[in-house]
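Student: Next come the chains, spelled out residue by residue.
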Amino acid sequence: MRSDRGPSAPIGLKLAATGGLLFLHLPILLIFVYAFTTEEKSFVWPPPGLTTQWFAVTWNRPDVWQALSLSVRVAAISTAIALILGTLCAAAVSRTKFFGRETISLLVILPIALPGIITGIALRSAFALAEIPFSFWTIVLGHATFCVVVVYNNAVARFRRTSGSMIEASMDLGADGFQTFRHVVLPNIATALLAGGMLAFALSFDEVIVTTFTAGQQQTVPIWMLEELIRPRQRPVTNVVAMVVVLVTLLPILAAYYLTRDGDQIAGSGK
Amino acid sequence: MTSAVSFQNVSRHFGSVRAVDAVDLDIVPGEFFAMLGPSGSGKTTCLRLIAGFEQPTAGSIAIFGERAEGVPPYRRNVNTVFQDYALFPHLNVLDNVAYGLMVKGVGRPERQKAAEEALALVRLPGYGARRPGQLSGGQRQRVALARALVNQPKVLLLDEPLGALDLKLRENMQEELKSLQKALGITFVFVTHDQGEALSMADRVAVFNDGKIMQIGTPEDIYQRPKTRFVADFVGSSNVLPPDFVQRYAGQHRWGSLRPESIRIGRANGQGVAARLVSTNYLGATTRLALDAEGLRLHAIVPAGAALPREGEAVVLTFNREHLHLMDELG
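First to last, the sequence lines map onto chains R and Y. Residue numbers 246 to 516, in the numbering used here, belong to the letters of the first sequence in order. Residue numbers 1302 to 1632, in the numbering used here, belong to the letters of the second sequence in order.
In case anyone wonders, no lab produced these hints; they're calculated from the structure. There may be inaccurate statements among the hints.
Capping the alpha-carbon separation at 25 angstroms, the derived lysine to any residue pairs in SDA-like fashion look like this [claimed, not checked]: (1) Y/K1405 with R/S408; (2) Y/K1405 with R/A435; (3) R/K342 with Y/R1319.
Since this is a predicted model, take the numbers as computed values, not measurements.
Let the hints inform the model, and build the full structure from the sequences given.
Tutor: Dropping the structure here:
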């Protein structure tokens, strides 16, 4: 029990807060409900009947599996790239002083501040200039640009909190660079990296705009959903997939939140 | 005899800043050596040069006869107690202490035994399972000490190790460090800005200013016979007397230093230096007086309880001629 409970809020404020929360989350609930509707051509309220058949239908649709598998692979590889580059960059920026350090810091964070459409167009014209054909790897590159930011922000925050003399202490006690990284640096930044990595994964998984510009004929899950909404057939399949996407992206973010709640903020989770 | 640490004409420049400037230094094996100086005087940089965190811009460093330039910190047989202790928060106390042995490949039972012994040495037996975050500042300091000593270094470097402790704890730790050093016979090199700490603990003291060593000597040397105005002023806040003043009372045109405790206060009509009492400052065992002698600001320390003139009153100061120390530095 909290003993420092303040005076109760006025009823009007409570109502307003409840209204705000409902406005934010009711539409998401609606999506869940429509996954069970019997009407497949348009969304009518209330649903004329409830069924779970769409889960089986979704399961048997190869295009869903293709999109899902592409999204998972893109997110996994983008995250892996981001983890390596983001950590290295964060270590450089927080451990050493060099000319242009602040500029580099800003440039790394910029992709998350820029509208996705700018990143997308920029990458598309760059790929065209360099005559790189669109492929799995062009999507990965596009996603890595903003995944790096999330990892970088989390790692930089952690590096700033860890005492610089800890690394010196490790060297002083006889550990070389590799041993110091393995026994001191990595254990201290592990949770920050895990949090950053999971956020990066979630960001990549539901990214639409950059993907539109960097993918060729391939469809990631969000792109597939956009296409599906135009087709007036088996619409609830989209809702089933949407539920899966919500779970896939929400669980890592929740986990990241709990892993770093002691002080670290989840930088960049607002994208 | 080979020096424990030997600096020959060592400089460390950071851009245009001469953090350490042409320093010569020989630390005798087994001595308790203090590097004393204000912040930015180069004493910590000297310590980091010995540890290997910095490389000299010029000159050469030898540790027990072995050239140290280019040797990384992890290949030097010296260990450091850091100012902020730098304990590893993700390891418990025992693993912290055993870290040095772990990275050297010593087996688990053996290194844990050594770590237990080191903890007992710093009077923290049985604290192995705790996390550094659960310890007080003084306990963390002891863990840092044990973590360094467990590696049996030839030289132990201590960077302002008592700075973060409260007065009582600091005094205890001073005594303990001193007896630990005597018992182990390891060379201790100790950096501090606290002159009392340096004088009470060290066998020899090097006084640093502006990247240079002003004077090296025993605490008595440094305190009684300062060579320069800086040393006189920094070590024990001596009264630094200009040549004209010294000429009048000692017959020589040289800078002089006079310890505050050497000044006696007399009645206004006696023989001596005419002065005016500006303020009194009660310090417990003693009282510190600020005096104005013909424009020269002097300080005197008298035992508490002595009869004192009132502030603003005229007094006459006397002192023994032999307490007036003449310094080498001219002009």
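Student: Which constraints among the numbered hints does this structure fail? Numbers only, ascending.
Tutor: The structure breaks none of the hints.
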